[in-house]
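K.L.:
Input sequences plus hints: build the corresponding full structure.
Everything in the sequence shown is counted per our numbering, starting at 808 for the first residue and increasing by one.
Since the hints were derived computationally from the structure, they do not count as laboratory data. If you're wondering where the values come from, they're calculated on a predicted model, not measured in any experiment. C-beta atoms are modelled at their ideal positions from N, C-alpha and C, and glycine is treated no differently. Just so you know, nobody snuck in bad clues.
Taking CB as the label site, the calculated pair distances span:
| hint | residue 1 | residue 2 | range |
| --- | --- | --- | --- |
| 1 | 1286 | 1318 | 21 to 29 Å |
| 2 | 1009 | 945 | 32 to 40 Å |
| 3 | 919 | 1198 | 17 to 25 Å |
| 4 | 857 | 1044 | 12 to 20 Å |
Cut-off 30 Å, straight-line C-alpha distance, at most; resulting in silico cross-link-like pairs (DSBU-like, lysine-lysine):
| hint | residue 1 | residue 2 |
| --- | --- | --- |
| 5 | 874 | 901 |
| 6 | 1144 | 983 |
| 7 | 1062 | 1077 |
| 8 | 901 | 875 |
| 9 | 1175 | 901 |
| 10 | 962 | 1077 |
| 11 | 1283 | 1144 |
| 12 | 1297 | 875 |
| 13 | 1140 | 1283 |
| 14 | 875 | 1244 |
| 15 | 1297 | 983 |
| 16 | 983 | 1283 |
| 17 | 957 | 1244 |
| 18 | 1077 | 1098 |
| 19 | 901 | 957 |
| 20 | 1062 | 1042 |
| 21 | 1098 | 957 |
| 22 | 1140 | 1244 |
| 23 | 909 | 875 |
| 24 | 909 | 1175 |
| 25 | 849 | 875 |
| 26 | 874 | 1297 |
| 27 | 874 | 849 |
| 28 | 1297 | 1244 |
| 29 | 1175 | 1244 |
| 30 | 1244 | 909 |
| 31 | 1297 | 1283 |
| 32 | 1042 | 849 |
| 33 | 957 | 1175 |
| 34 | 909 | 957 |
| 35 | 1144 | 1175 |
| 36 | 1175 | 962 |
| 37 | 1297 | 901 |
| 38 | 1297 | 1144 |
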Amino acid sequence: MFKFSASLGYFWISVLCSCVLLYSLAHHMRQRHFRPLPPGPKRLPLLGNLHQLPSGSQEHTFKSWAKKYGEIPISDLIYAEFIGHRTLIVNSPKVARDLLDKRGGIYSSRPRLVTMVELLGWYPNTVLLPYHSEARRRQRRWIQAAFGEKGAVRKYEGLQRRETCIFLLSLMETPKDFTMHIIRFAAALILESVFGHRITSLEDEYITLMDRAMDATNATGPAGSGIADMFPLLKYVPAWMPGADFKRKALYARKLVWDANHIPYDMVRKAVESGNARASYVSELIEGAAKAGHLAEEEDNIRYSAGALYSAGTDTTKTVLRTFFLAMTLHPKVYVKAQEEIDRVVGSNRLPTLEDRPNLPYIDCILKETYRWNTPVPLGLPHYLTEDDQYEGYHIPRNTTVVANLWSMTHDERAYDNPDTFSPERFLETHANEDLKDPRNIVFGYGRRLCPGRLFGDTSLFLAMASVAATLNIGKAQDATGNAITPEAKFLSSFISYPADYECSITPRSTATISVVAETLASLESS
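P.N.:
Here it is, written out as structure tokens:
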């Protein structure tokens, strides 16, 4: 028995040595036949840089790698490997544009995302589909037509204004529940425009449907960085096994993801079949596909394109608004300046509209700074290079995952003085390469995977922030003894960067303000 065990041990040692030799030989041949790879941390055989990858705040680590290992002139391009997975980390808008925008034809696919796609079931979601798939093209075309053009977005202004009024009145009535009101506001916009469902109370079953799915997804970490993404065979590990906590989390999330994508769609389909459906993104697609006799083939594409809008729209809106309230609590002078601009331009007898936006530059700067200060999706979703490429003398091999470190781009000291400080004033002056510094050109992604619903989300956020400044005072909450509570500017690092829970004080600016909001809502309801 001992002899058998010893020989078996020698066998595995020889296998390991052979793997190391083969890896070293392949690496040597690659270096001989190609230009050098971009700079990066030193890699170990087999493991690559896995031992240097933290479980959280990976965006911070990747930025530190750029400073430590980057080479002039391309210090923002870092190469790493994780168990054979080639990874290119882009830390600047210029390099992102050069590669992801200008060479989008080969940089726009997605890597195999075992956790999100195969374990959690986010498929065939628009943002996760391979670039050249017909399903992705079809879904993208639908979303672009409904939410991607300025003319298309304008038709939702009535909805945006109405839900903004409901949001304001809710904050006036129960200010301590501001987080729940933010969730309701974000969900209401998407549920009505995408599914034709209007939320009438906080007890509505659909308010937190996607929120629960996204929270569970967020708990699995940044896209593509889970243990099953590194070792795909682990997806077959039984959930009951010790150490399989990742599998238990995935199974819990999978049910929530399924519900969030199927339940709202089924509601709309039943309404279409009964002839009671309200006009919406999903109802129009269902009706069109049914009329053409293609509904059975198109059903998954309709369902998951709507799910993409639902997840991306609610989560980004919720995160940015929570960050906004935190920033205004910590920076009262900024908020006073915003209110002064509103009073000067809009006055106190009406609420701001999107037509006021060109005349409210400081409010627009606050929105930009909110995007920048806490980038909603710090590492975005990874791109995938499908052909060998060369850039600035470096070889970038095909089948490389490309991570755009959006957080690093919005916290670059070369572009933004004191990047950890919330300062909308930084955007008041026009600078060279202004479009590269505008956070709206960073946080929504790059190239042919740019968020197609960004215009809808951006206008909704601007309207909400301007209206809050016009009608509400925001300040620090007080403890039981009357002392001010200063919240910590802490953001949870994962796929989505939520602000940690905090308290703040929210009160109406005046009794007249309450009447203005109520009268505006009544007018919108009757029109």
